[in-house]
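Enquirer: If you're matching them up, the sequences are chains A and B in order. Throughout the first sequence, residue numbering follows this note's numbering, covering 1 to 208 in sequence. Throughout the second sequence, residue numbering follows this note's numbering, covering 1 to 60 in sequence.
The hints are simulated quantities; they were obtained by calculation from the structure and are not laboratory data. Values in this document were obtained by computation on a predicted structure and should not be read as measured data. Possibly wrong hints are sitting among the right ones.
[Claimed, not checked] Non-contacting residues of chain A with respect to chain B, defined by C-beta distances greater than 12 Å in every case (computed): (1) S38; (2) I40; (3) Y41; (4) V49; (5) I63; (6) G99; (7) R107; (8) W114; (9) T116; (10) T145; (11) A156; (12) N161; (13) V188.
[Claimed, not checked] Which chain A residues face chain B? A few, computed with CB under 10 Å, are given here: (14) V36; (15) A37; (16) W39; (17) L56; (18) F59; (19) W84; (20) E87; (21) F91; (22) A92; (23) V94; (24) W98; (25) V189.
[Stated by the list, open to error] Ranges of calculated distance between the beta carbons of each label pair, as one might list FRET restraints: (26) B/L16 x A/R64: 29 to 39 Å; (27) A/Q141 x B/L16: 10 to 20 Å; (28) A/P33 x B/W22: 39 to 49 Å.
Just so you know, even glycine gets a beta-carbon here, dropped at the ideal spot from N, CA and C.
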Amino acid sequence: MSSTDIERQWTTRLRHRVTGHLPPEKVLPDTQPAYVASWIYVFGVTTMVALSMVILTGFVLAIRGPQWWHTSDVGHYVNSLHLWSVEVFFFAMVIHLWGKFFMAAWRGRRALTWMTGVVTFLTSIAAAFTGYVSQTNFDSQWISTQAKDGINATGAGSIFNVLNLGQMLMWHIVLLPLVAVILTAVHVVMVRVRGVVPPFEDAPPEKP
Amino acid sequence: MVGLPLLAALFPLDHLGHYIHWGWVYISYANAIVVALMVICFVAAIWVPFPGRNRRKESR
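Excised from the complex, chain A in its bound form:
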C-alpha cells in the first residue's frame, strides 16, 4: 500500500482531523489563562463531580433495587446520596449557567458549547423528573398523578405515560442519563477545542 493510499484511508483522515482540532496539549492543558482564576469557573467542574456521584450512586441503587433502598439503613443512605448529589448538581449547574450567560459565553464560535450546555440542562430536568416518579413510594405516586394532566395537555402523554412506572424507570436509568453524559462529554470537548471564553475586555475583536 502506497503512502498516498494510507493518507486517503478514512482512519488516517479522521485521526488527522481529531488531532488537528484537539492536540494532546489541548485535551490536558498545563496552564489556563489568568482570567480563569476565579471562583465562577469552579461551578462547571462542581457540576461534573456531582454528575459523577449521581451516576455512581445510581449504579448502586440499580444493583440492589427498591426493596433495599426503602428498607435498609445503607439503602436509605445511598438513596439520600443520590438525591443530594442531584441537588448539588442543579445548584452548581444553575450558577454555572448564570455565570456563562452574563459572560455571553457563546462568543468566539462557542455556540455549540453553549447549546450543548442548554440541552444538557433540559435533559437533566427530564432525568430528575423521571427520577421523582420512579421512587416507588407515595411521593412518586402523588407527583405522577399530578403531572399526568400537564403532560397529557402537551400531547406528549400518548408516548410518555408518567403513570407507567416501567417506562419512567427506563427513561430515568437508561435513555436520559445516556443523553446527559454524552452531551456533557461533547460540552467538555468543545470547551477544550475552543477554550474558556475570555472576559469582554480580553476578547479579540469579532470579525464583521
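Given chain A's structure and the hints, the job is docking chain B onto it.
Expert: Using the frame of chain A, we list chain B on its own:
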C-alpha cells in the same frame, strides 16, 4: 438517632409547607432559601478573590 426528633421538630414534614405568596410569586420557603443561597454563591464567586490570582497575573 438522638438528633432525629430534633430534626423532625425543626422541619415538620407532616404539615402543609410554608409558602411565600407575593403577587404572582408563589414559592415555598424551602425553594426560596435554595434560590437565595444560589444568588449568594453567585455573587461571592464573582467578588471573592481566587487563591493565587495575583501571582498568576504577574506571571502572565
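Enquirer: So, A/W84 near chain B? Judge it on the closest CB pair being under 10 Å.
Expert: 12 Å, violated
Enquirer: Against chain B, does A/I63 keep a CB gap of more than 12 Å to every residue?
Expert: Consistent with the label, A/I63 stays out of reach of chain B, its closest Cβ about 27 Å off (over 12 Å).
Enquirer: Once the shortest beta carbon distance from A/E87 to chain B is found, is it less than 10 Å?
Expert: It holds, given that the least Cβ distance between A/E87 and chain B is near 8 Å, below 10 Å.
Enquirer: Taking 12 Å as the cut and beta carbons as the points, is A/N161 off the interface with chain B?
Expert: 27 Å, holds
Enquirer: Between A/Q141 and B/L16, is the Cβ distance one that fits in 10 to 20 Å?
Expert: The hint (10 to 20 Å, Cβ to Cβ) holds, given that A/Q141 and B/L16 are roughly 19 Å apart.
Enquirer: Given A/V189 as an interface hint, is the shortest Cβ-Cβ distance to chain B below 10 Å?
Expert: 25 Å, violated
Enquirer: Was A/G99 rightly flagged as not at the interface, with every chain B Cβ beyond 12 Å?
Expert: 7 Å, violated
Enquirer: Is the Cβ of A/R107 farther than 12 Å from every Cβ of chain B?
Expert: Label holds. Min Cβ-Cβ 18 Å, cutoff 12 Å.
Enquirer: Test the statement that A/A156 is away from the interface with chain B: the closest C-beta pair must be farther apart than 12 Å.
Expert: 25 Å, holds
Enquirer: Should the interface hint for A/W98 be scored as holding, given a Cβ-Cβ cut-off of 10 Å against chain B?
Expert: Where the cut-off is 10 Å and the nearest Cβ of chain B is about 5 Å from A/W98, the hint holds.
Enquirer: With a cut-off of 10 Å, does the beta carbon of A/V36 approach a beta carbon of chain B closely enough for the hint to hold?
Expert: 9 Å, holds
Enquirer: Hint A/V94 vs chain B: min CB-CB distance below 10 Å?
Expert: 6 Å, holds
The earlier numbered hints that this structure contradicts are 1, 2, 3, 6, 17, 18, 19, 25.
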